[in-house]
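Each of the two chains sits in its own frame; use the hints to bring them together as a complex.
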Amino acid sequence: MSKHAALDRFGRSGNPLIRSDLFNQTALDNEDVTTLDGAVNKTAILLGLTVSTAAISWNFQGPTMGLISGIGMFAAVIASLATYGLWIFRWIIKPTPHRAPYTAPIYAVGMGFAIGLISEQMESLFPGIVIQAVSLTFFVAASLLLLYKTGVIRPDQNFLLIMVSATLGIFFTYIASFIYAMVTGSSFSIITDTGLMGIGFSLLVVAIAALNLVLDFDIIEQAAENRTPKYMEWFGAMALVATLIWLYLEILRLLAKLRS
Amino acid sequence: MNTITLLLALLGIASFAVLFYFLRFKASSRQTDRDNRIPWHKIWFQRERYKETKASIEEQKQPKVEKQPSEEDADFKD
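Heads up: the sequence lines are chains G and Z, in that order.
When we follow my numbering, the leftmost residue of the first sequence carries the number 4, and every step to the right adds one.
When we follow my numbering, the leftmost residue of the second sequence carries the number 147, and every step to the right adds one.
Wrong hints could be hidden among the right ones.
To be verified - Pairs of lysine to any residue, SDA-like flavour, derived with a Cα cap of 25 Å:
no. : chain 1 : residue 1 : chain 2 : residue 2
1   : G       : Lys152    : Z       : Gln206
2   : G       : Lys260    : G       : Gly188
3   : G       : Lys233    : G       : Pro108
4   : G       : Lys233    : Z       : Ser175
5   : Z       : Lys188    : G       : Leu258
6   : G       : Lys233    : Z       : Thr178
7   : G       : Lys260    : G       : Ser192
8   : G       : Lys152    : G       : Ala47
9   : Z       : Lys172    : G       : Leu163
10  : G       : Lys233    : Z       : Tyr167
11  : G       : Lys260    : Z       : Arg176
12  : G       : Lys152    : Z       : Lys207
13  : G       : Lys152    : G       : Gly188
14  : G       : Lys260    : G       : Thr170
15  : G       : Lys260    : Z       : Val164
16  : G       : Lys152    : G       : Phe162
17  : Z       : Lys188    : G       : Pro104
18  : Z       : Lys172    : G       : His101
Unchecked claim - Short derived list, chain Z residues pointing at chain G, Cβ under 10 Å:
no. : residue
19  : Gly158
20  : Gln206
21  : Lys207
These are computed hints drawn from the structure, not numbers from a lab.
The C-beta atom is built at its ideal place from N, Cα and C for all residues, glycine as well.
Same shape as in the complex, but just chain Z (with noise of 0.2 Å):
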């Protein structure tokens, strides 16, 4: 193994430590706390989005039956 090699299996280890440690810490607020971030929940549920969306239009579609008042609904007068 030469010099070269040595040197960068090193600082592999190294950058391996620093990968794995500071992946655990939340990213600064000047990552964080701004409007133009990538909107990645659009992207990856846009499956359940979507099951979301026909369900809601099935359940608008389905007539609305209207309740008939039976003998057991109480009378309420003013």
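Bound conformation, chain G alone (with noise of 0.2 Å):
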């Protein structure tokens, strides 16, 4: 045994993340920590309960079931905001990680209820729209997931920036685009235009949600990575399924389109 106990317990590292403090902060016994294979069975149960309450949501229509998936996305955003905070603004909420062992299992249930009845709606209006868009999905993610591991995407602090840009210009375009529906009863034509604009806008919002799952796929490697506490575990599969969820609804708009 050296003298040092976190080279005993990690080994030489050069990489300066490992030789942080926080590092060794974090580093608890090999039980109480984030491990890939935890990370995907959390990733697992979260799909799981997403479809198992969609299935309701798709096969009991009414407006009970419209109230109730209402709620459901109520709850989730709430679950998110509890857990991510708003991080850009982290003096307003802080993430709060520890929450996730919580708050992911009503974001799954709740999205899934909210999907479920989109889902239906749609696919009364295109046949087999809803197969093609998760089918997709899962080709976009898996492709993703293989280019992360390789090595050939390599997330680092630029592409976080232009990440968290992209994907809050969105945000921010959706909200806009919904008050303006409250006020107008029309919302933007480039979100719901069927035509080259709205297209090139869907495809564009697409490829943004795609490589949202890079950034979720270096949280979950380097939470395990990093030893870090067990409940990264469900924070990094509440990331992932949140986008994969946010990609679903996205490819099904694009396809919707394509097909109007």
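See the structure below:
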């Protein structure tokens, strides 16, 4: 045994992240740390919850289910804020990853009800669209995972900055469109338009949502690598499921535009 | 179900399997051994860091009480 506990535990590393103080602060016993297997299992649990509640919402249509879906979506938003905070404005709400074991299932169930309702309505308009959207979502996710794991895509701080800016840009566009729709009764044509502009916008949003997956893979990878607490498995899984749901909804919208 | 939907469904099942299989594997050294990785720990654990920093500042602010020698202390002569 050497005098340095960190060296005994982790071995010598040139990685500045591993050498950081926080790495040592968050290092715990083997049973209490994040693992890739654990994160995968949690992702599967969350996806299972989402699909189960989506199936309920799909099969039992009606005003009550509409209300439940609305409440579910609201609960999902609250759960997201409670976990991730507004970390870009981190002085307002700080991220609290330790809440993820409780908020992640709430998010998955809530979003399940909402996407079940949306999917059923889209399927009634465009038969077969849901299977196509689900398949394309997993295809994009698997492709990006392979690109990430092999090191073809290597996210750095510039990548993070670009992705956060782009994601916030889309978020504010949707918020502005929602407010505009509340006032005038019609949303921005760029979002709903089935022409070239609308399809181009949807393609851009799909690309950004897909690239957000790279950040989620990086969160899970680094959480496992840095031996962070166990709750980071839920945190990473929640981030991945949230992006998958977003990507699915955007692909659904894109396919609907292409078919219109 | 038309042919395109069927093919996409098969593609989806295969992609799902690939996603959950390869997610369990560690990323290549090309991905992990570099200096410009995103410092997620600084972002997600800022609350913990804030608490620790605050605690250490408060600890430093507290006046240090000089320990008075008591009768029980041993007096070693040179």
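Hints and how they fare:
no.: 1; hint: Lys152(G) to Gln206(Z); verdict: 45 Å, violated
no.: 2; hint: Lys260(G) to Gly188(G); verdict: 20 Å, holds
no.: 3; hint: Lys233(G) to Pro108(G); verdict: 16 Å, holds
no.: 4; hint: Lys233(G) to Ser175(Z); verdict: 24 Å, holds
no.: 5; hint: Lys188(Z) to Leu258(G); verdict: 39 Å, violated
no.: 6; hint: Lys233(G) to Thr178(Z); verdict: 21 Å, holds
no.: 7; hint: Lys260(G) to Ser192(G); verdict: 12 Å, holds
no.: 8; hint: Lys152(G) to Ala47(G); verdict: 19 Å, holds
no.: 9; hint: Lys172(Z) to Leu163(G); verdict: 21 Å, holds
no.: 10; hint: Lys233(G) to Tyr167(Z); verdict: 21 Å, holds
no.: 11; hint: Lys260(G) to Arg176(Z); verdict: 39 Å, violated
no.: 12; hint: Lys152(G) to Lys207(Z); verdict: 47 Å, violated
no.: 13; hint: Lys152(G) to Gly188(G); verdict: 46 Å, violated
no.: 14; hint: Lys260(G) to Thr170(G); verdict: 21 Å, holds
no.: 15; hint: Lys260(G) to Val164(Z); verdict: 29 Å, violated
no.: 16; hint: Lys152(G) to Phe162(G); verdict: 16 Å, holds
no.: 17; hint: Lys188(Z) to Pro104(G); verdict: 21 Å, holds
no.: 18; hint: Lys172(Z) to His101(G); verdict: 24 Å, holds
no.: 19; hint: Gly158; verdict: 3 Å, holds
no.: 20; hint: Gln206; verdict: 17 Å, violated
no.: 21; hint: Lys207; verdict: 22 Å, violated
Violated hints for the displayed structure, listed by number in ascending order: 1, 5, 11, 12, 13, 15, 20, 21.
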